[in-house]
Each structure stands twice: as structure tokens, then as C-alpha cells.
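Student: Given the coordinates of chain U, work out where chain W should sit on it, guided by the hints.
Chain by chain, the residues run as shown.
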Amino acid sequence: MKIGEERRDETLIVTASGRIDSNSSSELERALLGHTGSGESRIVVDLAEVEYISSAGLRVLLMVAKKLQATKGRLVLCAMPESVRLVFELAGFLPIFAIESTRDAALARLAESGA
Amino acid sequence: MGQVQTLVVPGTPVGLEQAERGLDDFSAMHSLTRNDTWPFHVALDEILSNVVKYGWSGREGEGRIEIRLALDGDALEMVVLDDAAPFNPLDAQAPDTSLPVEERPIGGLGIEIVRRLMDTIDYARLEDGHNRLTMRRRLGL
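These protein sequence lines are chains U and W, in that order.
Residues are numbered in my numbering as their position in the first sequence, beginning at 1, plus a constant of 166.
Residues are numbered in my numbering as their position in the second sequence, beginning at 1, plus a constant of 306.
Rather than coming from a laboratory, the hints here were simulated on the basis of the structure.
Hints are not guaranteed to be accurate.
Restricting the straight-line Cα-Cα distance to at most 20 Å, the calculated cross-link-like pairs of lysine to aspartate or glutamate (DMTMM-like) are [stated by the list, open to error]:
no.: 1; chain 1: U; residue 1: Lys233; chain 2: U; residue 2: Asp270
no.: 2; chain 1: W; residue 1: Lys359; chain 2: W; residue 2: Asp397
no.: 3; chain 1: U; residue 1: Lys238; chain 2: U; residue 2: Glu193
no.: 4; chain 1: W; residue 1: Lys359; chain 2: U; residue 2: Glu193
no.: 5; chain 1: U; residue 1: Lys168; chain 2: W; residue 2: Glu323
no.: 6; chain 1: U; residue 1: Lys168; chain 2: U; residue 2: Glu217
no.: 7; chain 1: U; residue 1: Lys233; chain 2: U; residue 2: Glu195
no.: 8; chain 1: W; residue 1: Lys359; chain 2: W; residue 2: Asp330
no.: 9; chain 1: U; residue 1: Lys238; chain 2: U; residue 2: Glu176
no.: 10; chain 1: U; residue 1: Lys168; chain 2: W; residue 2: Asp397
no.: 11; chain 1: W; residue 1: Lys359; chain 2: W; residue 2: Glu323
no.: 12; chain 1: U; residue 1: Lys168; chain 2: W; residue 2: Glu326
The shape of chain W in the complex, shown without the other chains:
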């Protein structure tokens, strides 16, 4: 696996912007294209906005999010760690996309998009009190 780039951002909307810029920097450093990285930008938006809203019981300014990026062969791996309450976003019920949208519960749409964009996605609750979400997608698709 290539060198891991780590960035740490606060659990706030500003932190989310910083995370997106950090991914831009990683992309530039490794000459990745927009076609390569946009799924990861979307994933960051879905996951981080969820953690910011719910992870610390709505109290902004608390908590820390760590994002690790690494190239691995023809894939990019992104790991998101946060020190919020235990929460596995993959537990959220997949929305029934055959239902008219008005009848669908709002939650879960974002994570469903991430699940379908990524080749693999895994959650673990670490003993040191972190949620860890690991996702991979091949580049140049």
C-alpha cells in the first residue's frame, strides 16, 4: 500500500470543508483525476455531515475526525475515524427505492449512495472509543 496521508479536522461543517480540501490536496499530489476522486468527495460529505449532525448529540465544536487516504494498487482507500458515540452507519436500513420518494424515510439515503459507490465498505468500533469506517474503490472506472 502507498503512503498513508492523514488529516485531522474538527467535527463541524468547517471541518467537512477542510476534509474536502485535504482530499483535493491528496488528489493533486498523486495526479488523480476528478473522475477518480468525486466518489470519495461524495462519501466524505455523506459520512461527515452525518457525524457532525448526530455523532456528538448535535453539539458542534466537539470531537475530532481523522481521515486516512492511501493508494493501494489501482484503488484508493479512505478511512474515516471519529470519537463520537458508537454508530455504525451501515446498520441504517437501506431505503426502499421502489417506494415513491415521499413515502421513504429520509435517513439512510446518503449512506446508501456511499455503499453503492464504493467497492467495499466496513465498519468497526475500536477499543479506544473510535468509530472506524473503511472504504475502497478502484480508480479510473
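Bound-form chain U, shown alone:
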């Protein structure tokens, strides 16, 4: 799995590509947690290039979302391929996250929430 990061205004955009599983999820965790402590409050995770995600990846995203919430931050997921969306659905995780179909929609959602 590869992780890319870029900043757009006050939002951190993290792009994951490849497979998010029990071996790679700790890398994703490090990339995201590295920012929750440093005042980063708005994060978009772009999943367009993710082949699939397992429960290990779901747990990391949930934990990061909770940490951000505690500091009034926001996490928005975007561009889920069908394989990723299906796993979220089967796990009952769709209602838990803010999810948009495109990166632009995710950025717009964060902008309007005024976080």
C-alpha cells in the first residue's frame, strides 16, 4: 500500500493506494495519527486507488474518526470503489462515516461544515 499526502487550504488529503489489510493498516494509522495530534482537524481520505479493505483497515479509520471528533475535527472518506463500499456495508460501517463520491464533494463538505 502507498500513501500520498497533500494540502488544500486547511484540509489534509490522504490518498491510499493498494490493499488496506492487517499488514498495511498500521502504516495508514501512522500516516493519519501523525496529523491528529498536530492540530490538523480536517482530513479527506481518498480511496479511489484502493483495491480492497479488510476489518483491520475499518478499525483504523474508525479510531482516527473518533480521535478527530474529540478535538472537533472532521474526517471525510471519498471515491470508494465498489469493493471498499461493499465491505463497509457488510460491516455496518456506512452510517458511521461521512462519505462522498468525489474528492471535490468531500472538500466542499468540509468547507461548509466550518470545522
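Tutor: Just chain W, lined up with the frame of chain U:
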């Protein structure tokens, strides 16, 4: 049923990586698409990471996992055998997905995903001291 491809990996995180690569090789050999095989990659991750963590009482480096792959008509069948302590992952209680996630027990989420991804999944404890988990899913869905 088509020819069975067997791979043997150690019960460790490295073994899990080897298993995923073995599935990639099988997929390439039979010209399967990512859409066909990703559910099996997820299943391998859920099942093997569980066995590695709990199957041998947390002692890494012990134990052996065997994975058998075969095409059967329009389906792929995957069998996972391990020589760990008797454990039926299907016994784990299904998580209550109507509960807020914070109130759900952590265990069982992975196997619930596998259960819902696969068309069929069956467990047997073999007399030779192996757990055997057999799962099938039609391809090209």
C-alpha cells in the same frame, strides 16, 4: 472441479503475505480479474490474521497453514487448513450492526464480513488435528 492449487505458509504475518501472493499467482494463472478475487483476499486476511493471533496461543512461528484453491464451474473454492487448537470462527457471535459501533464487541467483525462475502462457508474439525474452513463464491458478480 478444476485442478487444486495448494500452498503452505507459516502461521505468521509473513505467511499471510505469502498466502496473498499465492492467491495472486493463482489468479494470474487462470486469468481471473480483481473483481473476481478481492473477496478471497479479504477472507484470507480476516481468517489468517485471526489464526496467527489466537490459534497457537500467540506464539508466532509455530504451526502451518495450508490453502487450497480450485475453480469449480463459475465459482472459486478456497479451503484453509491449520493445525492450531480447535477453533470454529463461525461460532463467534455475529456483531449487532444496529448497535453504535462503540458498543459492539470488537471480535467477530472480520468473520462476519467473510460470511457475507462468501456464497457458502463451512467449518470442520478433522481427526488429524486440523481446522478446515471451506468457502465458495461465484466469480464475475
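Student: List in ascending order the numbers of the hints, as given earlier, that are violated by the structure.
Tutor: Of the numbered hints, 1, 3, 8 and 10 do not hold.
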